[in-house]
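**Q** Okay, here's what each chain looks like letter by letter:
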Amino acid sequence: MATTSTMFMYSLTIQPPTAINQAILGQFAGTKEQQIVTASGSKLTIHRPDPTQGKVTPIFSQDAFGIIRSLAAFRLAGSNKDYIIIGSDSGRITVIEYVPSQNRFNRIHLETFGKSGVRRVVPGQYLAVDPKGRACLIASVEKNKLVYVLNRNSQAELTISSPLEAHKPQTLVFTVISLDVGYENPIFAALEVDYAECDQDPTGQAYEEAEKLLVYYELDLGLNHVVRKWADPVDRTATLLFQVPGGADGPSGVLVCAEDNVTYRHSNQDAFRVPIPRRRGATENPERKRCIIAGVMHKMRGAFFFLLQTEDGDLFKVTIEMVEDSKRQLTGEVSRLKIKYFDTVPVASNLLILKSGFLYVASEAGNHHFYQFEKLGDDDEETEYSSDNFSADPSVPYEPVYFHARGAENLNLVDTINSLNPLIDSKVANLTEDDAPQIYTVSGTGARSSFRTLKHGLEVSEIVESELPSVPSAVWTTKLTREDEYDAYIILSFANGTLVLSIGETVEEVTDTGFLSSAPTLAVQQLGEDSLIQIHPRGIRHILVDRRVNEWPAPQHRSIVAAATNERQVAVALSSGEIVYFEMDADGSLAEYDERRQMSGTVTCLSLGEVPEGRMRSAFLAVGCDDSTVRVLSLDPDSTLENKSVQALTAAPSALNIMSMSDSSSGGSTLYLHIGLHSGVYLRTVLDEVTGELSDTRTRFLGSKAVNLFQVSVKGQTAVLALSSRPWLGYSDIQTKGFTLTPLDYVPLEWGWNFSSEQCVEGMVGIQGQNLRIFSIEKLDNNMLQQSIPLSHTPRRLVKHPEQPFFYVIESDNNVLSESTRARLLEDSKARGDDDTELPPDEFGYPRATGHWASCIQIVDPVDAKAVIGSIELEDNEAAVSVATVPFTSQDDETFLVVGTAKDMTVSPPSSGGGFIHIYRFQEDGRELEFIHKTKVDHPPLALLAFQGRLVAGLGSILRVYDLGMKQLLRKCQAPVVPNTIVGLQTQGSRIVVSDVRESVTFVVYKYQENVLIPFVDDSVSRWATSTAMVDYETVAGGDKFGNIWLVRCPKKISDEADEEGSGAHLIHERGYLHGTPNRVELMAHVYTQDIPTSLHKAQLVAGGRDILVWTGFHGTVGMLVPFVSREDVDFFQNLEMNLAAQNPPIAGRDHLIYRSYYAPVKGVIDGDLCETYFLLPNDMKMMIAGDLDRSVREIERKISDMRTRVAY
Amino acid sequence: MADKLRTIQNLEAMQARYVGTGHADTTRYEWVSNIVRDSYASYVGHAPLLSYMAVGMGEPKEKVRAQMIEKMVRGAGNPPETQE
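From first to last, the protein sequence lines stand for chains A and B. Residues in the first sequence are numbered from 1 upward in steps of one, following full-length UniProt numbering. Residues in the second sequence are numbered from 1 upward in steps of one, following full-length UniProt numbering.
Here chain B stands alone, though its shape is the one from the complex (with noise of 0.2 Å):
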């Protein structure tokens, strides 16, 4: 029993400090919306990639930036109706 509180404990603990980090109860939103912020905070870090697609945009770096943390704040839409 202790073994599993502590399990309990440790997946907590998990979650709290790395975001994103799944359970077993994950809703299909909330996992699409992790990939979809962790994929515009990846864009944003890397550089080449980010210049990659401004210059494909045709915009300037740092304002595709804005809108790439402007989409995480998104992340994948609107949550789903809760059922209750």
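Excised from the complex, chain A in its bound form (with noise of 0.2 Å):
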């Protein structure tokens, strides 16, 4: 298959996947505070919890361009700092280091062991390491598994040896963890079965007899040499182990969890078995046996405890007590294992206890959350149930015990982090009339679900909003002398006059400042050691520390049109166009120069950077004139006010800003003249140091009104503040360096200045009309907002209303009880007189129950009441499946909401009962939903669609159009049109494009004469869709279950042939190939993105941007396809790609290559991700991709940035 193709695309990640699939926990900088580790696809990143505020912060994130299936951390002996072994789908094992001083991941180690890919045999699936840091276990899911050495060298560098093999065959492993054994030989211990006998035998009652196994592996350090030194059978059920703490500890041994008991297993002790308690409740069925799946084990000195979760949430603490002799110390004998509730947290992937007294739980679904301890639950009211009364016979039964849950007691909630995961559907649209669209998105599980809106921009706390007499012109802040740390005083500029107000406890107007308060302001500087000066438009007026006051006034029939400062400079421009330049001499007084620039137009901004350190003055000004231009003038001594460099412009400057930031391209800090133009234009210029040149300018359009800049400090860099139609800040990315310009989540400001005072250290001040707000910028890590509204259960799909600004969501849940089901148990308990309360359902999660389904349509406010303001349960065990919004023509167009449910439905092996199709009218604008009537069908309608006036319905394989009729809806014509089900439905014209579920896509005519639906076009690949959308009339974009994302286009000739007038008897006469239509389609591009797509659209992010592919993914990725326009720009960045996969091979050792093409060859794809890597490489290593590319870096990054900026954020 050629992988060229005749359209190309940039893949590019606007949002990471934030599921967690892994989390590890350990002190990975070298110093006491533990770091944690998380994998979230092919992203490793490292986070910070401060337990001062109790709060997680990312540090640093790297794409490893690979699947990271499982992480571990290690230390060596007598060392301080932890390293981290990834187990990927690189057939390789990875040994990396987090440098704290670069913030970066360092490999260490890199050694082969097998094939590539995620495969049975090949391990990786599981990764165990000795508590001691001296042996680490690799397996796979079947046979493999690998022991590395680990040691260390004369140089205390880290060694692994050649693997050692402890393969069995046939032989499945659910688990393996190693074993806390002190300094004794490190064993790891395996939860196995062994499948060879039931292969062999044909009544089956080897498979029913088959056992499950603890193995322990041992390596004899000695030998060099693994041994299967114990196995014993365990119940059959069990699928986890917890390491229980050895050595001087503990008993050393593993707990074993399986349904409904934990037993504590070793090889020299006895066995000792807890059952799991099951919730008590009206609802909830006393019979139900619980599973652990999660948990985590903490030793403090001298104790330790697990927690384990059930598949409720519940939190049990288990604790082993053990023998203690004559002289009460702990022979190291076990005596009992006790069980006890301890609180409930959302269903975790992974649980990592803190030394600092944290509880992190890497959510399932849903956001993660962040507890503090509290308590340990050790004198509570809850009963704990010992091993004493039960057997530890996994054959014999019990009765089973009981607890109630209750509200969190031991855990306080400090921290929620935001994730996506799952996403299941989204929409983008844009119903805030904002200049750019948000995006729509629905995701979570049961009760934690919600309706999130997505929107770019940075997050803004507002200290202070108050209003002013009149409406302001400007507002400045201002400190009394050099060395003061804040701000002293707030001067703000009326149309008459100017305020000053002092800024303390309390913030209140003084007058006796020596600031003239008849004439409104122009600028406020603090001038040298400790004096100020103001400048109005009649002069200059210098306070000195006594409040003495020079004036420098204004040459008569002239007044001061701009002017710009710096702590030693000031430069004024008059009504006459002539610029006046003064510079502080050495006894703190203001010296004109002699001479006046006289300049070609109005002056209407002026800026002069701030002074070097170390330096006299700042070294250039710049004028702007309404002659479109820009001037960079020199104030050298030796040629002051000479012209260095001049810009022309394609509107008259409004602001100008000289600032020093930090720079990607350099590595250190840049020069940098800002411009803002009347056009709402921006452009950011590079400024040469010594010659005063100007060169590499970005473009960016901000608003429709003019732009305004300040220079404001966030979050210790400088960054600067552009003000148009709504307010942006321009600032360093934390991790490339790059500049990056976000929109600020903020009403709009006509001024803004930096503010600093002693309870807000990096604070803005900035006017809105007739108010004075003060702000601040907590986080400049995540430019994407999101606002979150709480669902009932798992939503499924979402429409829009097609005029008004509110969504339909649909909602479902597997093997839970519906809320009738649910009401009338509680009205049943009530009726006995037992406890009736019912848990909350977003904390406790809904009371389960098998086949039962729970369902519901919601519709969502998300703009107005930001509520969900409608909801609608479905009863009879019906599940919504489907939702579409359909006008029809027999109706007079009114539109109808439509759902497609199916009833008794089970997941796997799919089957159903059938399904319905409801139909609802909107009601006050659609604020409301009136039910009409509900058709029986004899398959689930998984994809419905408004198509020509009237609904079509997938039913199975079959395509049926139906229209609406008093009583149901009336079949119109139908045609069996795919292989097997379909799942989705798009349509343009008169072409429908039908999905399904294992076979990709089917293109169908539908002929308005004949009444008939005619397929004439299929793929030659079987893709299991997910999501499609039509991105022009001949080509479909979509995903697949698999984690691919493809383009495939119908032929001209075959698409007109389809369209052509008449009865489309040729259609229906041309014979079929090999089993399907007449015709295939081409792959126009395909790319593995690893995260499966749930929702693609064809749509634009910014203002002024062209239209790109955006799509979701189930992790909660958001990704964009770009086309690209050029051939000239896919040949560089194919040769940049191939550069980077060079010179920078990824971190876990896939080749990036292999992993973009993961299941079929990468075609007609730029991975932009990789693309984007290069702002994350050392300067060397930037030059050198640069000489081998024949281009600067400057350029490089600009039309990396470019690709981003142009069409997203």
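Some hints here could point you the wrong way.
[Said to hold, decoys possible] Capping the alpha-carbon separation at 30 Å, the derived lysine-lysine pairs in DSSO-like fashion look like this:
| id | chain 1 | residue 1 | chain 2 | residue 2 |
| --- | --- | --- | --- | --- |
| 1 | B | K63 | A | K143 |
| 2 | B | K63 | A | K338 |
| 3 | B | K63 | A | K299 |
| 4 | A | K289 | B | K63 |
| 5 | A | K229 | B | K71 |
| 6 | B | K63 | A | K340 |
| 7 | A | K903 | B | K63 |
| 8 | B | K71 | A | K903 |
| 9 | A | K317 | B | K4 |
| 10 | A | K229 | B | K63 |
| 11 | A | K455 | A | K800 |
| 12 | A | K355 | A | K32 |
| 13 | A | K115 | B | K63 |
| 14 | B | K71 | A | K289 |
| 15 | A | K338 | A | K317 |
| 16 | B | K63 | A | K168 |
| 17 | A | K115 | B | K71 |
| 18 | A | K903 | A | K800 |
| 19 | B | K71 | A | K1041 |
| 20 | B | K71 | A | K705 |
| 21 | A | K427 | A | K903 |
| 22 | A | K455 | A | K779 |
| 23 | A | K1041 | B | K63 |
For the record, the hints were derived by calculation from the structure and aren't laboratory data. Quick caveat: nothing in here was measured; it's all calculated off a predicted structure.
Using the hints, put the two chains back together into the complex; each one sits in its own frame.
**A** Written out as structure tokens, the structure reads:
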């Protein structure tokens, strides 16, 4: 298959996946502080939990371009730094470390052991490290286990041995952990089932009798050899093991977690078993057994405990008691196992307990939580169940035990980390009349589901908003002396006066400051050591520390129109177009430069940069004139006010700002000239510090108003606040150091200035109309804002009202009691006089029951009410599966909401008792729904679509057109069009694109005269389509369940033939090809993204941007595909991609090209995520790649960042 | 002759090393069992696929993972009766 294409797309991630597959804890920086390392998809992220603020913040994130399957932390004896081992799909074991000084991950070892890819017998699935860091075991699901010995050489560097094999063919491994054995030979424990006999026995008896074994593998460090030391049968349903502390800390051994019980096992100890308590309650099934799905062991000084979590989210505290000898010393012999209810937290994929007393819950669905321990549940009322009352033999039955779930007593939620996982559906729409559209998503599962609005912007926290007596034109803050840490005054300029406010405990007006209050102000500056200056249209007031005032009056008949200041220099522009320049002399007074410079036009704005450290003055003055130019003048004593360079602009400049900002290209900081235009365009150019030349201009349209620019300080870095019709902040990205421009999620401001006080060190003060606002920006690492509205069940689809800003979300939960059943059970229990309180489902989940469905339709108003405004529960075990808004021609084009449901559905293997199509009428502009009727159909309608004033539904493999009747829907025509099950429909004109659950897409044409549906082209590859979108009339983009995105196109000739006038007889009579339609689509582009695409849209994301393909992934990814316009760009990026993959190979050892070609060769797609790693490279490598490509570093960076900022964020 | 022997030896080594490598006498049952086990191992190994199924089934990921491996024990069901 040719991997070149006539169509090229640039694939870029807007938001990386937020699901956490694996999380580990360790002291990765080599300090006492613990960090959390998480793997989400291909991303490896290190987070810093802050115990004082109770927050978890990401520090660094790296794309491994591979599937990270397992992670483990280990520490060599005597060292104080933890290393990380990665089990990935590369067929290699990778050992990396975190280097805090560079804030990067550094690979130490990469050892190949097998084929790449996620395979049954290639290790990588399980990873266990000896607690003393002496050896690690990496295992596959079946057969293979490799043990590596970890050691250090004479230079104290980590060494890794060649692998020792502990393979056992035809054996499946459920889990692997390491045992804590102190300094004895390392032992690994595995849960295994041998299937060799099951495959030989036709009667099935061997399968029935197959045993699950707990197996110990011992690494003999002396002999350098692994032996299968001990194997003993355990409960057949066991799935998880937990390490029990050994050596001096405890008895060693493992906890075996099976269905309904937890057993302590060790080779030289008796077994002890406790049941897992079940929830008691009116709606709970007392027969339902729980499993442990996650857990964590925590060691404290002299004690340890386990927190184990069941599928309901309940945490149980498990403790082990040991026998004491006559001197009351612990003997290391176990006497009993105890279990009791602790608290309930969201169902976790990983639990971590930090030494500082926090619990990190990496949730399986929805937001991740960070809890603080209030207590450890030591002396509460909860019943504790002990192993004394239960036989350790798994075959012996016992009486189940129960507990009452209750609100949290031991844990206190301190932080939640937003997660969109699982992201099930989305829409791109602009409902708030902003200049850029928002992304509306539904995500989460069960009662923790949510409807979220994603918006590009930075979060702003407002500190003060106060109304002023009249509308101010500008505001400044100033300190009084150079040494002051905080600002002392806020100076407001009005049309006819100036107001000075002092900042203290309260903000109040002061009058004896020396400021002229009867005129408006143009600029305020703290000058030299301890004086202030105020520039007003009539002159400059120099206020000395003893309140003496020196006034420089503007020349007769002229006034000051623009001013620029810094702590040593002042430049003012007069209405005559002259520029007057002052410098502070040795005695602290302002001295005027004897010549004035006459500019060609009226000066609109001026800017002086700050005085660089150790210098006397800023070397440049930028002057903007109304003839659409910006001139840079020299301030050097030898060439004062001489021209250095000129930049012509598209409109008159409205603001200028010279500032030094950190820069990714040079690695240090660079001087920039920021230019704002009256047209709302913003430019940033590099100002050469020596020659004053302007180069590398980047342009961005900010809004419809003239741009105003201010230098502010955010999170310790210099940033530019650009104000147009909305406020923007320009800053260097925390990780890439690349310049980023992001809108603030705030009211439009007219003026802004830095603000620093004791309460708010890095704030900003701004003017909006008649209001003064003080605000700050807390986070620069996340430029996607989320607004969340809780939903009641797992969302499945959403549609928007055709005109109104409302969304209709269909939701359903499998194996959950429906609301009416729950209400009935509660009623019954009330009648019996029992306890009838229902637990809040968002914390405790819904009561579960096999075969039941809870389903509803919810109306969401994300704009005004920001809440669910209506809800319809479905009855009779129906589950909503599809939804559409359909205008029916037969009903005068009135639009109805159509919902497809399935009755008594089982998911695996798929079956159901038929389905229904419900029709609802919109009432109150869509705020309410009125049920009209429902029509029974023999298959669940998994796809619905409005089509030419009628409804088209996919029922199994049949495509059927319905019209709306009085009592039910009326069949109009139908045809079997796909081999399996229709899961998606798209339309343009009389063409319907049908996606099949297993067989990609089929194009169907509807012939109106004959009333027939004719499939005319399908795909030659079976793609398990999840979602599709029509890119144009011939082309369809789609995603599949294996994580690929593809574009297929119907050949032009066939497309034209299908639309020919007439009956379509030629289409019907054409001979099918290989049991399919007569024609095949062509593959245009194909790429592996890892995450499963759940929705695709052709949309614009920024004002004035091009149409791009936006997709969302199941694990919370938001990505996009940008079509390339020119072939030259494609060549450039292809070369860059190749260079990057070769010079900077992915950290986990996966070949980048093979990774992106996981299921099929990547075609027509450039990996933008790889290209963006260029920003993160060290400077010498950047130069080398730039050399290879025959371009400058700055040029390459500009190209890469342009690809993103032109169309998205 | 030596070449043929080597080919056979290579094949045997391959079959021992890579489970599921076929040979001339692979039965339908063996082949299907392999496919089934490979598929389940793949579902377990690809995190998005596993959570996709878990959300569909309304079960936690860990439970679905255990179920999948349990199904690998079963493979394609009981082997057919041997005819001898």
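**Q** Are the Cα positions of A:K317 and B:K4 separated by 30 Å at most?
**A** The hint is violated at about 63 Å.
**Q** So if I understand the rule, the pair passes when the alpha-carbon distance is 30 Å or less; does A:K427 with A:K903 pass?
**A** Roughly 27 Å between the alpha carbons, so the hint for A:K427 and A:K903 holds.
**Q** Checking one constraint from the list: CA of B:K63 to CA of A:K299, max 30 Å. Satisfied?
**A** holds, 27 Å
**Q** Next pair to validate is A:K229 with B:K63; report whether the Cα-Cα distance is within 30 Å.
**A** holds, 29 Å
**Q** Check the hint pairing B:K63 with A:K143 against an upper bound of 30 Å on the C-alpha distance.
**A** holds, 22 Å
**Q** Below or equal to 30 Å on CA atoms is what counts here, so check A:K115 against B:K63.
**A** Roughly 28 Å between the alpha carbons, so the hint for A:K115 and B:K63 holds.
**Q** Against the 30 Å threshold, does the CA-CA distance of A:K903 and B:K63 hold or violate the hint?
**A** holds, 25 Å
**Q** Holds or violated: B:K63 with A:K338, Cα cutoff 30 Å?
**A** Holds: B:K63 and A:K338 sit about 24 Å apart, inside 30 Å.
**Q** Does B:K71 pair with A:K705 here, judged by a C-alpha cut-off of 30 Å?
**A** violated, 64 Å
**Q** B:K71 and A:K903 were given as a pair; does the straight-line alpha-carbon distance stay at or below 30 Å?
**A** Holds: B:K71 and A:K903 sit about 27 Å apart, inside 30 Å.
**Q** Next pair to validate is A:K289 with B:K63; report whether the Cα-Cα distance is within 30 Å.
**A** Holds. A:K289 to B:K63 sits at ~12 Å (cutoff 30 Å).
**Q** A:K1041 and B:K63 were given as a pair; does the straight-line alpha-carbon distance stay at or below 30 Å?
**A** holds, 20 Å
Going through the hint list in order, the structure does not satisfy hints 9 and 20.
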